[in-house]
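Novice: Using my numbering, read the sequence shown as starting at 2 and increasing by one per residue.
In case anyone wonders, no lab produced these hints; they're calculated from the structure.
Owing to the predicted nature of the structure, the values given are computational and were not obtained by experimental measurement.
A couple of the hints might just be wrong.
Simulated DEER-style distance windows between Cβ atoms [claimed, not checked]:
id : residue 1 : residue 2 : range
1  : E231      : H547      : 39 to 49 Å
2  : G36       : E230      : 28 to 38 Å
3  : D274      : H547      : 29 to 39 Å
Pairs of lysine-lysine, BS3-like flavour, derived with a Cα cap of 27 Å [what the hints assert, rightly or not]:
id : residue 1 : residue 2
4  : K322      : K588
5  : K11       : K80
6  : K296      : K540
7  : K379      : K417
8  : K304      : K242
9  : K104      : K212
10 : K222      : K534
11 : K528      : K409
12 : K232      : K242
13 : K242      : K379
14 : K222      : K232
15 : K620      : K322
16 : K589      : K559
17 : K528      : K232
From the three backbone atoms N, C-alpha and C, an ideal C-beta is built for every residue, glycine too.
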Amino acid sequence: MCSIFGIKSKNTRLYKRSELLSHRGPDGSGQYTDGENIFLCHNRLSIIGLDNNSAQPMQGHDGSQIVYNGEIYNFSDLKTEELSEYQFRSNSDTEVILALYEKHGADCVQYLRGMFAFAIWDEKRQRLFCARDRFGIKPIYFNHSDEAFIFASEMKAILPFLNDITTNFEALSEYFAFQYTLGDQTLFNNIFQLMPGHFLILENDTLTVKKYWDVNYRIDKEHSEKFFEEKLEYLMNDSVKYHQVSDVPVGGYLSGGIDSSLVVALATESNEDFYGSFHGRFTQYPGYDESEFAKSASHASKKDLFTIDISARDFTENIFKVIYHLDSPVAGPGSFPQYMVSKLASEHVKVVLGGQGGDELFGGYARYIIAYFEQCIKAAIEGTHENGNFVVTPQSIIPNLTLLQEYKPLITSFWKEGLFGPIDERYYRLIDRSNDTNGEVDWNLFDKDGLLERFKTIFNNPENVTKEAYFDKMTHFDFKCLLPALLHVEDRMSMAHGLESRVPFLDHPLVEFAATIPADIKFPGGKMKSLIKEVFKEKISTKILHRRDKMGFPVPLKEWFSGPLRDFVHDIFLSQNAHTRGFYDPKKVLENLENSSQFSRKVWGLLSLEIWHQQFHDKKSELSKLAT
Numbered sequence: 002m003c004s005i006f007g008i009k010s011k012n013t014r015l016y017k018r019s020e021l022l023s024h025r026g027p028d029g030s031g032q033y034t035d036g037e038n039i040f041l042c043h044n045r046l047s048i049i050g051l052d053n054n055s056a057q058p059m060q061g062h063d064g065s066q067i068v069y070n071g072e073i074y075n076f077s078d079l080k081t082e083e084l085s086e087y088q089f090r091s092n093s094d095t096e097v098i099l100a101l102y103e104k105h106g107a108d109c110v111q112y113l114r115g116m117f118a119f120a121i122w123d124e125k126r127q128r129l130f131c132a133r134d135r136f137g138i139k140p141i142y143f144n145h146s147d148e149a150f151i152f153a154s155e156m157k158a159i160l161p162f163l164n165d166i167t168t169n170f171e172a173l174s175e176y177f178a179f180q181y182t183l184g185d186q187t188l189f190n191n192i193f194q195l196m197p198g199h200f201l202i203l204e205n206d207t208l209t210v211k212k213y214w215d216v217n218y219r220i221d222k223e224h225s226e227k228f229f230e231e232k233l234e235y236l237m238n239d240s241v242k243y244h245q246v247s248d249v250p251v252g253g254y255l256s257g258g259i260d261s262s263l264v265v266a267l268a269t270e271s272n273e274d275f276y277g278s279f280h281g282r283f284t285q286y287p288g289y290d291e292s293e294f295a296k297s298a299s300h301a302s303k304k305d306l307f308t309i310d311i312s313a314r315d316f317t318e319n320i321f322k323v324i325y326h327l328d329s330p331v332a333g334p335g336s337f338p339q340y341m342v343s344k345l346a347s348e349h350v351k352v353v354l355g356g357q358g359g360d361e362l363f364g365g366y367a368r369y370i371i372a373y374f375e376q377c378i379k380a381a382i383e384g385t386h387e388n389g390n391f392v393v394t395p396q397s398i399i400p401n402l403t404l405l406q407e408y409k410p411l412i413t414s415f416w417k418e419g420l421f422g423p424i425d426e427r428y429y430r431l432i433d434r435s436n437d438t439n440g441e442v443d444w445n446l447f448d449k450d451g452l453l454e455r456f457k458t459i460f461n462n463p464e465n466v467t468k469e470a471y472f473d474k475m476t477h478f479d480f481k482c483l484l485p486a487l488l489h490v491e492d493r494m495s496m497a498h499g500l501e502s503r504v505p506f507l508d509h510p511l512v513e514f515a516a517t518i519p520a521d522i523k524f525p526g527g528k529m530k531s532l533i534k535e536v537f538k539e540k541i542s543t544k545i546l547h548r549r550d551k552m553g554f555p556v557p558l559k560e561w562f563s564g565p566l567r568d569f570v571h572d573i574f575l576s577q578n579a580h581t582r583g584f585y586d587p588k589k590v591l592e593n594l595e596n597s598s599q600f601s602r603k604v605w606g607l608l609s610l611e612i613w614h615q616q617f618h619d620k621k622s623e624l625s626k627l628a629t
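Start from the sequences, fold in the hints, and give me the full structure.
Specialist: Written out as structure tokens, the structure reads:
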């Protein structure tokens, strides 16, 4: 795990090592330049291959140079099988990528099992090859202009080289609606992300971007439920085993939910040296302390649980750091406790396992039940519920509706504009937060129709999901759009502390298999994560397995913003620069904060956006000096 940075340009003035990524690699750094075309820089976090032979940039036998961020879990297998004739000079997975590129060119990515973002300067061909893993676990961003091509693990390293730092309004409209962006655009103009499952080639000043992998929901209707259960058990165990390949100790995040509990349980079974687990809690307010569930999971694993108590003071002392490391405001308030727990974990280990991906693969969000509830009502009224294979029927969903007690405001908002309609527009309304900001955000500046169409393009993509598959359409959209935003948080909050986070649910053999499982097996009767619960019921604490109140990573925003953090929030929105943004009204934000008890999450979205502007836009002159 490391950071990568590079510049392809004939302007040697631009060749400057970025100091803005050193937190990602505290164990060493290196750089390479041919003095004419290319400059590569690497900061190293040593996980596999700890000696200097594994340092980067690393040169291949053919003269190619690589900078790489990530882990290839099957690198030992590749050495003995695919690359048995290659003369290796190190014990690292980095050299395996070089060897595969030398043998297969761009097709090297097809052999990699893991998380990665890397750049290879092909000296012979005078071309730059960059690739990103299938799910976007590891980041890579770029700027392409007439003067140069610049890439980096984080956007902040590119900012000094831009002529100006401005906000991308199309991406901003996506942020207001979903709290994440949908495509390759970022919130910064002229900075793009290389999308998950893609690679790019820069040759003769021509940039080509190509998709090499995608998830396709080609449902397997031939096999029995028992077949899916047995194969899921094997693939999940196999993934957790591979994800513990490391030359340093491995621990785990433990939230108290099913996914992280399962990962920790399987990890401790396959690795007697598994270090222990890490958890954050809010003890000052009832309803925000999930530590009893984390303790239950830890007790079952027979490993230590390390816990950090998180306070309002921690928020004021660290929230600017959180947004700085995030590079952009994304994915809700869970990024803050993630930052604090990662800090705790980094004091004990260099590698942690997390549970990201389980909700998107196996149906873990309550909104799926809400969506199906409406469809059940429609089917019952029209008398169509017995026509065809319904995943959820009126009879089957009723026992699961108690799960929606905490979502009554969402359901009210969902139905206030009418029932039924096309399923794409219905799901859009379930996840769209734009109407909540009509009083604070000037939506006349944004194209809401265009926003809906961009959503539909992904939701209705026939290459991924068939037309009738409502459950698969919902989970696929979240897999392609929400999950990368969550992985963004996972990467930045861990790497802020020089910590590597791994996500065993996102192993491509497992993901490809999960996409073939029929919805009536994954989500029967609206039962969230039914298959996971059934297959691993002996591995997960009963207390966790049957809980019905999992909140994710709850943060007492309502209590803090109306209490100990009131003045802090007011000071940020009353700052002079806050009133110059033009697209939102900070006074209105504060008025609504005073008048509404349900306003806290919206304030988080606008607060993190304002802090983001203060951290980057308002410091453009300071950042520009780093490029000279």
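Novice: Please go over all the hints and tell whether each is borne out by the structure.
Specialist: Evaluated hints:
1. E231 - H547: 39 to 49 Å: violated (23 Å)
2. G36 - E230: 28 to 38 Å: Check failed, 59 Å falls outside 28 to 38 Å.
3. D274 - H547: 29 to 39 Å: Holds: the Cβ-Cβ distance is about 31 Å, inside 29 to 39 Å.
4. K322 - K588: holds (25 Å)
5. K11 - K80: violated (36 Å)
6. K296 - K540: holds (15 Å)
7. K379 - K417: The hint holds at about 16 Å.
8. K304 - K242: holds (17 Å)
9. K104 - K212: Distance ~20 Å between K104 and K212 Cα, so the pair holds.
10. K222 - K534: holds (21 Å)
11. K528 - K409: Distance ~19 Å between K528 and K409 Cα, so the pair holds.
12. K232 - K242: holds (15 Å)
13. K242 - K379: violated (45 Å)
14. K222 - K232: Measuring from Cα to Cα gives roughly 15 Å; hence the hint holds.
15. K620 - K322: holds (15 Å)
16. K589 - K559: Since the Cα atoms of K589 and K559 sit roughly 17 Å apart, the hinted pair holds (cutoff 27 Å).
17. K528 - K232: Holds, because 20 Å separates the two Cα atoms, which is no more than 27 Å.
Taken one by one, the earlier hints fail for this structure at numbers 1, 2, 5 and 13, listed in ascending order.
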